[in-house]
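**Q** Letter by letter, the chains look like this.
There are 4 protein chains.
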Amino acid sequence: MQTTIQSIGKCEIRSPLQRLGPHIQFKDDEDRVLFDHSFAETARAFAKGEQPVSFESAGPRERIFFDPSRVNAGIVTCGGLCPGLNDVIRGIVVELYYRYGVQTTYGFRYGYRGLIHRYGHAPMPLRPDKVANIHLSGGTILGTSRGPQSAAEMVDTLEEMKVNLLFVIGGDGTLRGAMELCGEIERRGRRISVVGIPKTIDNDIMFLDKTFGFETAFAEAVKSVECARIEAVGSPNGVGLVKLMGRDSGFIACFTALAGGAVNFVLIPEVPFQLEGARGLLEALRYRLEKHKNAVIVVSEGAGQDLLASQPSRGEGADASGNKRFGDIGLFLKQRIADFCASRKIDLNLKYIDPSYTIRSVPASAHDNVYCSHLAQLSVHAAMAGKTGMLVGCWHGAFVHLPLELITHGRRKVNPREDLWLAVLAATGQPANLC
Amino acid sequence: MQTTIQSIGKCEIRSPLQRLGPHIQFKDDEDRVLFDHSFAETARAFAKGEQPVSFESAGPRERIFFDPSRVNAGIVTCGGLCPGLNDVIRGIVVELYYRYGVQTTYGFRYGYRGLIHRYGHAPMPLRPDKVANIHLSGGTILGTSRGPQSAAEMVDTLEEMKVNLLFVIGGDGTLRGAMELCGEIERRGRRISVVGIPKTIDNDIMFLDKTFGFETAFAEAVKSVECARIEAVGSPNGVGLVKLMGRDSGFIACFTALAGGAVNFVLIPEVPFQLEGARGLLEALRYRLEKHKNAVIVVSEGAGQDLLASQPSRGEGADASGNKRFGDIGLFLKQRIADFCASRKIDLNLKYIDPSYTIRSVPASAHDNVYCSHLAQLSVHAAMAGKTGMLVGCWHGAFVHLPLELITHGRRKVNPREDLWLAVLAATGQPANLC
Amino acid sequence: MQTTIQSIGKCEIRSPLQRLGPHIQFKDDEDRVLFDHSFAETARAFAKGEQPVSFESAGPRERIFFDPSRVNAGIVTCGGLCPGLNDVIRGIVVELYYRYGVQTTYGFRYGYRGLIHRYGHAPMPLRPDKVANIHLSGGTILGTSRGPQSAAEMVDTLEEMKVNLLFVIGGDGTLRGAMELCGEIERRGRRISVVGIPKTIDNDIMFLDKTFGFETAFAEAVKSVECARIEAVGSPNGVGLVKLMGRDSGFIACFTALAGGAVNFVLIPEVPFQLEGARGLLEALRYRLEKHKNAVIVVSEGAGQDLLASQPSRGEGADASGNKRFGDIGLFLKQRIADFCASRKIDLNLKYIDPSYTIRSVPASAHDNVYCSHLAQLSVHAAMAGKTGMLVGCWHGAFVHLPLELITHGRRKVNPREDLWLAVLAATGQPANLC
Amino acid sequence: MQTTIQSIGKCEIRSPLQRLGPHIQFKDDEDRVLFDHSFAETARAFAKGEQPVSFESAGPRERIFFDPSRVNAGIVTCGGLCPGLNDVIRGIVVELYYRYGVQTTYGFRYGYRGLIHRYGHAPMPLRPDKVANIHLSGGTILGTSRGPQSAAEMVDTLEEMKVNLLFVIGGDGTLRGAMELCGEIERRGRRISVVGIPKTIDNDIMFLDKTFGFETAFAEAVKSVECARIEAVGSPNGVGLVKLMGRDSGFIACFTALAGGAVNFVLIPEVPFQLEGARGLLEALRYRLEKHKNAVIVVSEGAGQDLLASQPSRGEGADASGNKRFGDIGLFLKQRIADFCASRKIDLNLKYIDPSYTIRSVPASAHDNVYCSHLAQLSVHAAMAGKTGMLVGCWHGAFVHLPLELITHGRRKVNPREDLWLAVLAATGQPANLC
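Residue numbers (my numbering), protein chains in the order written: chain Y, 565 to 999; chain P, 565 to 999; chain R, 565 to 999; chain A, 565 to 999.
No lab work stands behind these hints: they were computed from the structure. A couple of the hints might just be wrong.
Note that the list lumps identical chains together, so a pair holds whenever it fits in one copy or between two copies.
To be verified - Calculated lysine-lysine pairs in the DSS-like style (CA-CA distance at most 25 Å, straight line):
| hint | residue 1 | residue 2 |
| --- | --- | --- |
| 1 | Lys855 | Lys694 |
| 2 | Lys898 | Lys888 |
| 3 | Lys774 | Lys857 |
| 4 | Lys977 | Lys591 |
| 5 | Lys855 | Lys612 |
| 6 | Lys787 | Lys694 |
| 7 | Lys694 | Lys774 |
| 8 | Lys857 | Lys898 |
| 9 | Lys774 | Lys591 |
| 10 | Lys591 | Lys888 |
| 11 | Lys694 | Lys857 |
| 12 | Lys726 | Lys787 |
| 13 | Lys909 | Lys774 |
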């Protein structure tokens, strides 16, 4: 596992942070945090003379690579909306300006398109007063778009505009695009630093405790589930069915169920389930309705895709970000439950709620406000120190530097054997096995 | 216009409210409020020797019809959820118990079904401590259902349970059901009072300033529209399309647009519009996108039904409440806008939001808390005074008694020539005429 | 009662609203709304040949006085913060610009000071894009201050800046200042229209159904009372004591108690009470604690001022707005309850909450958003039609024109004999008489 | 450092969780998490042949000590309110009942008093249906009180009631009380397990990433600070002064400032400051007012206590929990700023906000809902496995067991040299040194 961060050059410039006083604790590239902090595993490694895997600590450096007076920075936001985008933008602008004295930061508009001339989206100059209150609104003041653009054309733009720090906020595909930018920059021998800030409301990035916006998202999802509960208990055979985000992982569904405490079934991509059969979902639902007269079901959008495979409504192809199109498990379940109940003479009252756009577009919670500030500040420290092709992540509560390529090799998943899923089973009372 | 309430008998019992002291202002059946409070109209009527139309004032009566010690009250909630149902239930129970000393109030379960034995839904005894905090939750603790039941069977149940006051909370169909109950009770010569409390989130009851839950509903809708705005401004050619409640009238859509202030087009049932043509919606939308790059559209569910008439997705038949099924104008518009933009090579980013279940199931706002308390208290005063076949409404800021038959003869509509719609035009800047 | 507005001249200019189409319903100065809409009172008046009192209807006029191309408008906000100030500012700017084509609107800074040169507060030019989202924040973007300024100096400023429409948003003292401005303008024979928009979070303006911000305020107050309840029930002998706004009238206290439903004692300026004695508050509180172990008390800041008269902590003098300084009834009660409980060996747990600044500074609710929009639009219609020395109010649900002098002659009060206070007694269960 | 938990006996009973299936990952007492997860420190320890400090992992055990059919559990909540108390209660009850089949859980009322007969507070039987929705309310359904009680008397009660699992939720003093209980139980040779769940809204427990309720608390505090900002910008020389919780540590103040982003000065107990002098707070405030016309100050209640030492208003003695009484730094600052501005002829508009009761009594946020669930579930696992005199904490993102004595030896503080405080300096722009 490659965990060393590539710097684009030697750091010889005194950091302006030294002016804050002699007592500031700067970080060093030698400060590293263990990947595995279990005693046994660490002991085993050292006993065998191995070096356990570790990550470079994030934080301000005493000496930096870029001369602040010659820095032109850029920020771009890509992919779907996620709470906290404006917080990250604001944090970067403020930190560059007040801590490092960087005068020029451009906001590229509408994702990677903003780095391509022919789209005609002029960049937005960003200064602290312009971004002071943007965190009170959801979305991104820069706008966003999906899909890749030519790395060569984008680097052309950076060169023309003399941008030497680029902050790229986006998901998987976006970060792969950032890696291509790094490759192109390296080929041209330019001194441009590209720092990623991973954005995925699904919280499924490897080697990160959590992604920004996730806490806000499931807090918002809890409200929709409460509405579903109110609808469900309000009718005989009331069923509230809520589809939540989560293409490959069920974190939002799990946390929402744990927080709200009114969910009876959670269906996630990591845990297969059947509809039919004595131990299938439909029979479990029938039993619940018989006993309690109502039920609340939360389903991740990526759950049960195997069940849709033979459906006419199954997804096909991919969107502009390269994400595989999914079949709509929510509408599918709604129909199958309706059919099942009709066949069993159950006078079903199902209410289907699909709140995704009203979740992802809200302003960040106080928690995410703080988390985004930290990510932004530490990303600026890293960039000023000449780090590139990397990102700042929170691992076991410590902020660390991670190479971009490390985290784009897979996705974090809910482990059905571990605490989180067990807690969900305890909270819902659903059978451990719906097969 | 018949607006006097037919009492079921003479009021000879001293109201327990007299104990509150000599200073209480009781109301009298002679206290009446003018229907039309314009000077000119009133002067004209009196000049011609006519009696201008007026409504009986609501409020406590010095003498009442029912002996509180012999009252068994019942409450039933019918139709779809609406914010404030629990407030009304709570208000009735508390007023009956503390002000009149009525010991027994039943909550019938799941709408009119709860009054029919064979459904097997045992009534819930209601006392102040049981309902003390129910207004903090949305929905109805009694449950609800759609559709009529046999008046004869329901009156059988009332007689068996010796219920002599029945509070019926529901919409149009429900109130027509309440009138049938009154008819059956009269035929049997029973002394049972039936008081309606009109519930329609659409705010479309005639002769009422507004219905309970409406303020809460549009406040909640504003949040969805803000999400739509954030999505719209976040993408090139971003369009936020929000479908709101409003089968026959566009009050929610109008108030939501006025409150939020970020809506560009409001489409309501009362104002026809065209999609095609130089002055149609699609062209107006294209112009807006060209000039501002984004747009927010709010559409009432009952708008533009003429446009759907020839569609395969048009609605057919009716639901259990007898409401005509509508075609889905939201999905229809979404598709038509997508087709139009595709034909014009506009790279559309449309986000469609249909928040109805997350609007109608929230707890009532502080305003509606108070409004529901008033309606409940005044309904109890009316019922104890032997009023029946009537409801309490707020007309020009004064609470009055209205016969049930009066308000079931039509629906209140947005008048496109008057203030509300003009204010919407001013707030949105949309063309006065999309035809 | 003189209720006709004296116009500053004849209206001869075609309103730009005529362009909206032939179907617009313009209002006429002859359209009037009855002050008293009871049937009996109106009949009595007409029978005696009297003209019952009526108010001029608000609304757009077909012909206006000011030529929009020559209008320079100004807006000033005075006194304490109140939810909705930004909504009113925004509504005026947007209506002037889009409906009448007025290009120049100045925002005067920090109350009447902004109209006096020597304070050096340059006015802020206001245009629709600048005010588009200001209603999402509380407070006033113009700033505010207390206290009067010289009418002559202020009119000098208006003349120099060629401002011919001035919108003055403020309370009692502010509106008296507006009347002085009118007097000075009249003395100089200038054609400057001054329109007031009454602001008082206490909701105590005569002849108005309610003031803007009031709904938002009591909704916010309900949250504080819920906190007080949680604290009270969380301790043995827990008492939550909440002081709310309300110098001369107890509307906020009453509505808060009705909405939240967890209040046991409401103390307002209109209803005197005693602390001591068998029927005093302290004994009633002791009884409540004995029976229920906890209590929640809501007190208006202006309640019980007679009890403080002999206190060292009694208020003295007046603030810059000329409001009499009050003694702090909240701290006084806190101390007296503590002393009483100590003397009775009651182990009191009193939590005192004084939330006024966190109530008055929140953004307006959706309801107030709409209400402020209406007030703003109708004030603009009135001003453009040359009305002056007046304000727009909502009376019995209809918007009307009222002379400034009419409403500055007294304050609206809670009537202890009528519905509102009776509902409070019912909701709290407090003795009708704490004396 | 002793970090092994002393079990009260050998675990020989099969855990009912084994029924969930063969795939469940049980934890073992040998699973330990490093205290220090830096690579360098760990390497150094192992190189020297030392065992680096580590904590036992929390989680379900395969074999448990108590026979669920013989368990009577008890829960007690002590000290001031904190968001999440009801969540923890609910989580314990649900986990005991559904996962372990424990039928009897008592809720002791009003803190340790509930364990002393003579107070006469009968315990409340707790079952899942009774606690299903309690997390939607703030506070604690059990009530709370301050101060210690006799350990002997309390153990008498436990013995009489045959309670063998006691969950004690409270702060420092409460947990010291729990240790005394353990001592008494050990002296008597009883098999009663006492598990602590640390509650401090100040987030100042050693060896814990954070305490429950903290996230909710600062999110709520942000709202008060936003009100302070609105007030401050609304007046010339407007100053919003907000006092927040934080007796010994400034975490709430720091996180609130970082989240809200509108704070200019943060004053915390860990960072001394002066009022007077060229580099003191007053001069810095004067400069801010001159430049920006307004300022927002957040002060922890424990900040600047040295400045109050010679004041008449300084605190004296201690409250019932043994907490030293503090002088009121908020009122002190308010007065000193007023005096200073008067002396400088600055026309100050200071608004002072002290929101603590409206912060600590709100329901837990979704984040804290989940966090409290985890703490509750893991505390139950620990108790059933016979752990005692310990608590479950989250350390570097991993849940671990900690001996009670470990965490009562000091308090966690904000380190003025590290990230958090640096981020606050960056966000506020305040001088690093106000001395």
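**Q** Taking the hints in turn, state whether each one holds.
**A** Now for the hints, and whether the structure bears them out:
Taking CA atoms no more than 25 Å apart as the test, lysine 855 paired with lysine 694 passes between copies only; the shortest distance there is 18 Å, against 57 Å inside one copy. With identical chains, the CA atoms of lysine 898 and lysine 888 are at most 25 Å apart both within one copy (22 Å) and between copies (22 Å). For a Cα distance limit of 25 Å, the shortest separation of lysine 774 from lysine 857 qualifies neither inside one copy, at 37 Å, nor across copies, at 34 Å. For a Cα distance limit of 25 Å, the shortest separation of lysine 977 from lysine 591 across copies, 20 Å, qualifies, whereas the shortest one inside one copy, 31 Å, does not.
Proximity of lysine 855 and lysine 612 under a CA criterion of 25 Å is satisfied in neither setting, with 57 Å inside one chain copy and 63 Å between copies. Taking CA atoms no more than 25 Å apart as the test, lysine 787 paired with lysine 694 passes between copies only; the shortest distance there is 22 Å, against 32 Å inside one copy. In this homomeric assembly, lysine 694 and lysine 774 never come within 25 Å of each other (Cα to Cα): the closest approach is 29 Å inside a single copy and 34 Å across copies. Proximity of lysine 857 and lysine 898 under a CA criterion of 25 Å is satisfied intra-copy only: 17 Å inside one chain copy versus 36 Å between copies.
Taking the shortest Cα distances, lysine 774 and lysine 591 sit within 25 Å of each other both inside one copy (23 Å) and across copies (23 Å). Taking the closest pair of Cα atoms, lysine 591 and lysine 888 never come within 25 Å of each other, the shortest separation being 41 Å inside a single copy and 38 Å across copies. In the homo-oligomer, the alpha carbons of lysine 694 and lysine 857 lie at most 25 Å apart only across protomers (18 Å), although the nearest pairing inside one protomer, at 53 Å, exceeds that limit. For a Cα distance limit of 25 Å, the shortest separation of lysine 726 from lysine 787 qualifies neither inside one copy, at 46 Å, nor across copies, at 41 Å.
When the C-alpha separation of lysine 909 and lysine 774 is checked against a cutoff of 25 Å, the pair qualifies neither within a copy, at 45 Å, nor between copies, at 39 Å.
Violated hints, listed in ascending order, are 3, 5, 7, 10, 12, 13; each of the other numbered hints is respected by the structure.
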